[in-house]
Amino acid sequence: MNDWAGIAWLVVLLAFNAFFVGAEFAVISARRSQIEPLAEKGSRAAKTALYAMEHATRMLATSQLGITICSLLILNVSEPAIHHLLEGPLALTGWSEAVIGGVAFAVALLLVSYLHVVFGEMVPKNLAFSVPDRAVLMLATPLVWVSKLFHPLIVVLNWIANHAVRLFGVEPKDEAASTFTLEEVATIVNQSRIEGVLDDASGAVAAAVEFTDKKAKDIAVPLSSLVTLPEHTTPDEIERAVAKHGYSRYVIVDADGVPVGYVHLKDVLREAEDPDAGASAALPIKPKRIHHMLPVAETTDLEDALALMRRSSRHLAQVRDAKGRTTGVLFLEDIIEELVGEVHDATRRGF
Numbered sequence: 001m002n003d004w005a006g007i008a009w010l011v012v013l014l015a016f017n018a019f020f021v022g023a024e025f026a027v028i029s030a031r032r033s034q035i036e037p038l039a040e041k042g043s044r045a046a047k048t049a050l051y052a053m054e055h056a057t058r059m060l061a062t063s064q065l066g067i068t069i070c071s072l073l074i075l076n077v078s079e080p081a082i083h084h085l086l087e088g089p090l091a092l093t094g095w096s097e098a099v100i101g102g103v104a105f106a107v108a109l110l111l112v113s114y115l116h117v118v119f120g121e122m123v124p125k126n127l128a129f130s131v132p133d134r135a136v137l138m139l140a141t142p143l144v145w146v147s148k149l150f151h152p153l154i155v156v157l158n159w160i161a162n163h164a165v166r167l168f169g170v171e172p173k174d175e176a177a178s179t180f181t182l183e184e185v186a187t188i189v190n191q192s193r194i195e196g197v198l199d200d201a202s203g204a205v206a207a208a209v210e211f212t213d214k215k216a217k218d219i220a221v222p223l224s225s226l227v228t229l230p231e232h233t234t235p236d237e238i239e240r241a242v243a244k245h246g247y248s249r250y251v252i253v254d255a256d257g258v259p260v261g262y263v264h265l266k267d268v269l270r271e272a273e274d275p276d277a278g279a280s281a282a283l284p285i286k287p288k289r290i291h292h293m294l295p296v297a298e299t300t301d302l303e304d305a306l307a308l309m310r311r312s313s314r315h316l317a318q319v320r321d322a323k324g325r326t327t328g329v330l331f332l333e334d335i336i337e338e339l340v341g342e343v344h345d346a347t348r349r350g351f
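Sequential numbering of the sequence shown, starting at 1, is according to UniProt numbering.
Because the hints were derived from the structure by calculation, they are not lab data.
Just so you know, not all the hints are guaranteed correct.
[As the list claims (entries may be wrong)] So the derived label-pair ranges between C-beta atoms look like this: (1) L109 to R134: 33 to 39 angstroms; (2) S130 to E303: 21 to 27 angstroms; (3) L167 to E97: 49 to 55 angstroms; (4) V99 to S43: 58 to 64 angstroms; (5) S130 to S312: 14 to 20 angstroms; (6) G42 to Y114: 41 to 47 angstroms; (7) Q34 to D256: 25 to 31 angstroms; (8) M138 to Q64: 15 to 21 angstroms; (9) V131 to V221: 25 to 31 angstroms; (10) V258 to D304: 20 to 26 angstroms.
[Unchecked claim] Derived EDC-like pairs (lysine to aspartate or glutamate); straight-line CA-CA distance at most 20 angstroms: (11) K215 to E338; (12) K215 to E97; (13) K288 to E333; (14) K217 to E54; (15) K217 to E333; (16) K214 to E54; (17) K214 to E298; (18) K288 to E338; (19) K214 to E121; (20) K41 to E54; (21) K286 to E231; (22) K217 to E338.
Beta carbons are placed, not taken as given, at the ideal position from N, Cα and C, and that holds for glycine.
Please model the entire structure based on the sequences and the hints provided.
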């Protein structure tokens, strides 16, 4: 092989090395959430990319095998060619053959190492990190074909690597992790807002993340802060309460001050529709007009409390401690405010 053929092989081998490095980092860095929609639309490249991501350890073994072979060939084919090309100009210096050989070898080694590290490693790695979704769509298909071409060897290498990992007490995974904990999601949302890629001016996204971490007791209204009415309240008293406080719902308590249910403004309106409304206005409201409150524990997750209230069609819930004592009342309105911001009672006056 002549020297210029060795230089040509250096370019080719650097390109192959860059391909394996880029493919390796693309498979690890790409996000399934970006690839899956393309696969569902019928993209063959996206489907192959998902296959590569689901068999990450096999793809890593393929990449490492390719990188190792390319690196060895670069040193054994290209370095001697550059070494030989440098000996001619260096002979003009009048140095001895030993000095010329040593200098040529050192320069050739430094040049090949520089080209290998920069163009064979760093450039493709940085590109794959910068645009992982695009990179995996371009590189996954040829990488999968290479893995199938050398399937027996790849399987053996992967098997050996997995058993070596188990020696350290770690169970190897075939697919890169694509799920996040609540804390990680909160960090992602916060960082995305800081970098300006997430517009959350209303705070709805951040509120949704925080919402999943709250309990019923965190937003329940204490009994001492409630506007309550006695168990035998009358339509007239409810009307006066609405005129004074402006709320549409009122907690009904027994003689001991324990909530037994709640009444809505519309219940008074229904009472007014009865034929004998005039005579019953000063009489206690009928029991059927008092809505039962759903009991929930103080430690109930807010999202679970919301689901229970929706299933039972209740706007208020009793919040109880570990001993079964009612410590407060949970309003559906307050739960919704945790997600979308302040919600005003439609009947409440502005102050």
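Hints, one by one, checked against the model:
no.	hint	verdict
1	L109 to R134: 33 to 39 angstroms	holds (35 angstroms)
2	S130 to E303: 21 to 27 angstroms	violated (37 angstroms)
3	L167 to E97: 49 to 55 angstroms	holds (50 angstroms)
4	V99 to S43: 58 to 64 angstroms	holds (59 angstroms)
5	S130 to S312: 14 to 20 angstroms	violated (51 angstroms)
6	G42 to Y114: 41 to 47 angstroms	holds (44 angstroms)
7	Q34 to D256: 25 to 31 angstroms	violated (59 angstroms)
8	M138 to Q64: 15 to 21 angstroms	holds (20 angstroms)
9	V131 to V221: 25 to 31 angstroms	violated (51 angstroms)
10	V258 to D304: 20 to 26 angstroms	holds (24 angstroms)
11	K215 to E338	holds (12 angstroms)
12	K215 to E97	violated (81 angstroms)
13	K288 to E333	violated (23 angstroms)
14	K217 to E54	violated (42 angstroms)
15	K217 to E333	holds (15 angstroms)
16	K214 to E54	violated (34 angstroms)
17	K214 to E298	holds (10 angstroms)
18	K288 to E338	violated (31 angstroms)
19	K214 to E121	violated (46 angstroms)
20	K41 to E54	holds (19 angstroms)
21	K286 to E231	holds (10 angstroms)
22	K217 to E338	holds (13 angstroms)
Consistency note: the structure conflicts with the earlier hints numbered 2, 5, 7, 9, 12, 13, 14, 16, 18 and 19.
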